[in-house]
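There are 2 protein chains.
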Amino acid sequence: MNVMIGRFILISLIAFVLPSEVASQLDIMPFPQSVKHGEGYFMIKDDFNVSLEGPGSHRLDAYVQSFKYRLGAMTGARILWQTLNKDKAAHLTITYGETADLNPAVDESYKIVVTRDKGISLTSRTDIGALRGLETLLQMVIIKDNKYVIQEAEIQDYPRFEWRGLLVDVCRHFIPIDVMKRIVQGMAAVKMNVLHWHLTEDQGFRVESKAFPRLHEKGSDGQYYTQEEVVSFIKFADSYGIRVMPEFDLPGHATSWLVAYPELGAGPPPQGLERYFGVFNPTFDPTQDEVYEFLDGFLGEMSALFKDEFIHIGGDENNGIDWDNNEDIQVFMRDNNIPDNHALQAYFNNRVYDILTRYGKRMIGWDEIMQSGLNKDIVIHAWRGKEKLVEAAQSGYQTILSNGYYIDLSQTAAFHYQNDPVTDDMPLTGEQLELIKGGEATMWSELVSKENIETRIWPRTAAIAERLWSDASVNDVDDMYRRLVYVSAHLEKAGSKHLKNRQALIRQLSERTMSHHLEYFLDWFQPLEGYARHGQKPRYTSYTPLTRSVDATNPDALNLWYMKAAILSGLNKGEWQLLELEVARLKAFLAESDSFKTMIAQNPKLSEIEELHKGFMSQSVEMLSLFSKLQEHEEPEDYIAYLKDRMGALEELSAAEIFLTYRNLIEWLIITMG
Amino acid sequence: MNVMIGRFILISLIAFVLPSEVASQLDIMPFPQSVKHGEGYFMIKDDFNVSLEGPGSHRLDAYVQSFKYRLGAMTGARILWQTLNKDKAAHLTITYGETADLNPAVDESYKIVVTRDKGISLTSRTDIGALRGLETLLQMVIIKDNKYVIQEAEIQDYPRFEWRGLLVDVCRHFIPIDVMKRIVQGMAAVKMNVLHWHLTEDQGFRVESKAFPRLHEKGSDGQYYTQEEVVSFIKFADSYGIRVMPEFDLPGHATSWLVAYPELGAGPPPQGLERYFGVFNPTFDPTQDEVYEFLDGFLGEMSALFKDEFIHIGGDENNGIDWDNNEDIQVFMRDNNIPDNHALQAYFNNRVYDILTRYGKRMIGWDEIMQSGLNKDIVIHAWRGKEKLVEAAQSGYQTILSNGYYIDLSQTAAFHYQNDPVTDDMPLTGEQLELIKGGEATMWSELVSKENIETRIWPRTAAIAERLWSDASVNDVDDMYRRLVYVSAHLEKAGSKHLKNRQALIRQLSERTMSHHLEYFLDWFQPLEGYARHGQKPRYTSYTPLTRSVDATNPDALNLWYMKAAILSGLNKGEWQLLELEVARLKAFLAESDSFKTMIAQNPKLSEIEELHKGFMSQSVEMLSLFSKLQEHEEPEDYIAYLKDRMGALEELSAAEIFLTYRNLIEWLIITMG
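Line order of the protein sequences matches chains P and D.
So for the first sequence, this note's numbering puts the first residue at 1; every next one is plus one.
So for the second sequence, this note's numbering puts the first residue at 1001; every next one is plus one.
Everything labelled a hint here was simulated from the structure, so no lab data went into it.
Backbone N, C-alpha and C fix where the C-beta goes; we use that ideal spot for every residue, glycine too.
There could be a bad hint or two in this list.
[Unchecked claim] Covered by chain P, according to a simulated footprint, are these stretches of chain D (three or more residues, beta-carbon under 8 Å):
id: 1; stretch: 1142 to 1148
id: 2; stretch: 1483 to 1495
id: 3; stretch: 1600 to 1611
id: 4; stretch: 1648 to 1661
[To be verified] Capping the alpha-carbon separation at 20 Å, the derived lysine to any residue pairs in SDA-like fashion look like this:
id: 5; chain 1: P; residue 1: K437; chain 2: P; residue 2: N403
id: 6; chain 1: P; residue 1: K181; chain 2: D; residue 2: F1174
id: 7; chain 1: P; residue 1: K564; chain 2: P; residue 2: N664
id: 8; chain 1: D; residue 1: K1235; chain 2: P; residue 2: I177
id: 9; chain 1: D; residue 1: K1500; chain 2: P; residue 2: V179
id: 10; chain 1: P; residue 1: K614; chain 2: P; residue 2: H633
id: 11; chain 1: P; residue 1: K235; chain 2: D; residue 2: S1232
id: 12; chain 1: P; residue 1: K587; chain 2: D; residue 2: H1516
id: 13; chain 1: D; residue 1: K1118; chain 2: D; residue 2: S1232
id: 14; chain 1: D; residue 1: K1493; chain 2: P; residue 2: R548
[What the hints assert, rightly or not] From the derived model, a few chain D residues whose C-beta atoms are all more than 10 Å from chain P:
id: 15; residue: S1034
id: 16; residue: Y1069
id: 17; residue: P1262
id: 18; residue: N1336
id: 19; residue: K1386
id: 20; residue: S1395
id: 21; residue: A1472
For reference, chain P alone in the conformation it holds in the complex (with noise of 0.2 Å):
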């Protein structure tokens, strides 16, 4: 067998060799509240129909249109295009019982039953709740005795948490409309139900606003969205059951804005918009009057143009540089007993909360803007620690969880799914904890653009979306990344584009040659965690290509992954297989490395790996000789010792802001047999 594919068969096998075993495994996520399963299978055929009773929902009409050509793409039916009465007999009947209004406190519950003969039916309390049972159902078809079926099951489903968001920062880096409905098909197939569209920053101001357009004109390069995609994309959004918060950060974060409107800053006119990345000191003077009534009509406009009932301020990252600085504050802080520039900030927040609830609308902040005295109906979203939860709660605060969610920071999807917004040990009341209302991945855009975005995002966030969603006892990692693999093909099927998008990287910086070598050796690897990425020199702008090879890792090394997965599956269950095909692929490469080596010398873009290329030769045939000691079955105890003095001789193999996951998967070893 070819040891290129057959990892491939065999990690298929589970899904479409050895059915009796999936019998009680489902490869959804977020993995649902309750199933029962049957043991027969419904199959799905050309003359697959749908029935949709319910008051009426544009919605669901179009949803369910998608979802039959979906199931069609998938399966190869050809689904007719009507949908019938729910007095006809259908293969498919869908009953709700309301058209929701988008809102927080939205019913997403629904319930499916499969039988073998009588089909399908989905049923739910809101239009919203039976879109989220459709992504299960199609995450339900599998492939049994050469045909495509679904399991008998019994599901009752809904949501732990009623707020489960995506940040999308678009300021630090452009993210065009198209992609960004892509981000929210996404979202949708994972039941995401808040797209938090941080829409202001030092770089980039990124709204149209027919009020002040010289925010826009100025503020953006041109690289904006009109007040009609707006519309567009909010529309788009509410059609797949997600809320568009927008987010104008203030007053720090605001070199965009005092490009357009200097005379409302605290500091100096800002010479032009930020190309660097960080926290800088242009920050509105919270002492003039001008800056209210101007924010009054700003977010008086924006008010009508988001018709979401939260507006985010931001509120992070003041560095207070400018109102130090300024004699004028000092001399108002002194007059109105305003201690110091946290006491400022809240006189400013209570100003910007007047404004907006005169415009009938919810404020959130970061948890900065959190202060005794703001009103209890603002919402805390809490990023420098999880204490923030926790106090922001404390204090009689609704709140919701970022920190542990940044997906800007390549962590792995294991660290994000097990972080859980509540946890036993916290100091909370019941009253308390039912005010953490879930939490949001931040896909702050320093180091994505247009065409990685996507790539960063999925499949990974689909962890998080399932922390958020099911219940806090689903929490194995290991089966967390099994289905991991399925998510990522549910997710290009709903459109994305994160795998499409991260091959044509690859073609491109491998200039078409050898690019499945690439791909093999760059899943080795992660990029660099945290914020060291943005310690290299030079320092990465708003107009650094991000089409490195750092670019085209994963935070999750795909390599990585397969191997642990094809060891437990010799320490669990006896079988080697898929550890033997590992082994042999990672040979094949090595055999190849001559080539490689040739390949990426003459290569510009790729000079900066071969010391990488060189380690990771010399490292493989220690790692050659730990997978061939662990097919003999060693002692555990003469194994750990083993796997610490390996894990010693294996330094840490970094460059090109990345490094190599060997050393994972022994610290792994070490925990998994220890």
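Please build the complex by placing chain D on the supplied structure of chain P, with the hints as guidance.
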């Protein structure tokens, strides 16, 4: 060397290991009118900057930004966003004379001079010419000595024909606006300049009408472009220097109009939108004044919406049945001395002509509209045969060619490439020849959907783009195929998803199992040509999924191209390594045949290729003996006999609407060696 990748290395050698060999060879498509090479190379560095001098052009300002972004992505250079004024020293100096209005006569010429030390100058009469030159420049970037460089050169370029179009049928399958935009990006990358938007058909009415909203409401299943989208699309295409010409097909192909307004039809009201493909009866009644009142209102609205000077009125395939069966129409014809349906359609066309003229539009239609008495300022779109083109020119009409450019028919790029609009044997005067204005590739969409339309258009339509732009003497088929590999990468970098979407389809088809093997296998096959796929059972409908093996095969089987290139390299240069690599790849595939067989047998969508795989296995054994014979350099005469013998023995292997291309390879060899 690994056989799976060696091919890519060797092919790439042409580009970056043997630069001396490419000194006189540019991998550009369409090939410029005049090229002189120098010896040196200009190096792309981080400080690369651009100056722009001209009367001001939003089009070019944006294109230069995009040029810098693309060049940065390709080379990794951190190119500053600022564009300099002409007086500053720049690496690329762009100078243009005027900002053009988009129309057929626009000047698209440009001149590029590249010098090692003084950088690059790009000069043009219009901003559009500069856009065309920037695409050439991006294709000139190569790797030399581990650096991205552009070879010294002087290029003078201009189009042979002013009309280089692509028709996109968005009716049989709806093509969303984001896909349309990517198609425009691809067109610009190969210097095409007319997007012919086929907006109405029996199967769908795809544009919003505010005057007659029932048209899109009843006629589109909700799949239509809003007028906002149309305006935004025209603006987008304009920014690429591409005209958008709408087609409203009249009086036949009219089911979707008559679903909304049955009283305007000549026959019985349609039962609903047409779901099948072909020629159908519903046709406007040309004898009713109400029809012209309606068309006046509708075409008036569309004349304001679409700013191009042309409106295409279709006019094709009116079968006349509903006219023959309508007693009132028969009376009208007798009363007005209209002898036959062709004359009746002429009467209709003249009245439509009057309407369009009143709205300041020029009329163009399919060649059926040609008739004596029609005004000479209309343009005839020849599709039924090249003789229609000749007839039109002889009759004094301007004319464009689509016959031979029907890219929906799965003919090879070579076929289209060899189809010149002007040939020596045409019985035309010099003045008549001047009436031939160019041509259009036609992407009819019976068998393409939003997922695979780009894969069906690119890269092969680049061969048509070259036919219409470059000199007639640029006609070497092998060299065209060689360059198609590069232009495919260029198209991807310009935004097209033709490669990405095909790979996604193969991932889905294979359920991610042995995807690379499935890709290799399918690359030996081509789809059935012409209308053969429409003869299959069950008949194709607008809801048939286009996700079968045939949808992932290319009209130019890639392995056929590669094998031909490998054999040519041996025959012409005595270098047989490429052939060795291709043979090794084939053997490697054959060695995995059992695994592959098992995989496809378990996959419901791949069962239909089981027989093909079996046949491929056995025929490949014969082909392997052929390849080894080739490498042994037999005498050509013996060889031809052997080839003819093989050809007889190799039956045409065809199933699942695709056929194996081994016979083409042998036919080609007989011609090449004969």
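Going straight from one Cα to the other, do K181 (chain P) and F1174 (chain D) come out at no more than 20 Å?
18 Å, holds
Verdict on chain P covering the stretch 1648 to 1661 of chain D, criterion of 3 CB contacts below 8 Å
Answer violated; 0 residues pass the 8 Å Cβ test.
Should the label of A1472 (chain D) as a non-interface residue stand, given a Cβ cut-off of 10 Å to chain P?
31 Å, holds
Are the Cα atoms of K587 (chain P) and H1516 (chain D) separated by 20 Å or less?
Given that 20 Å is the threshold and the Cα spacing comes to 19 Å, the pair holds.
Holds or violated: the stretch 1483 to 1495 of chain D covered by chain P, criterion of 3 or more residues with Cβ-Cβ distance under 8 Å?
holds (count 4)
Non-interface claim for P1262 (chain D), where every Cβ of chain P lies beyond 10 Å:
20 Å, holds
20 Å limit on alpha-carbon distance, applied to hinted pair K1118 (chain D) and S1232 (chain D):
40 Å, violated
CA of K614 (chain P) to CA of H633 (chain P), is that 20 Å or under?
30 Å, violated
Verify this label for me: S1034 (chain D) is non-interface relative to chain P, using a Cβ-Cβ cutoff of 10 Å.
28 Å, holds
Hint check: K1235 (chain D) vs I177 (chain P), CA-CA at most 20 Å. Holds or violated?
16 Å, holds
Outcome, coverage of the stretch 1600 to 1611 of chain D by chain P - at least 3 residues whose beta-carbon is closer than 8 Å to one in that chain:
holds (count 6)
Beyond 10 Å from chain P, beta-carbon-wise, is S1395 (chain D)?
It holds; S1395 (chain D) is separated from chain P by about 44 Å at its closest Cβ, greater than 10 Å.
Going down the numbered hints, you'll see the structure goes against 4, 10, 13 and 16, while the others check out.
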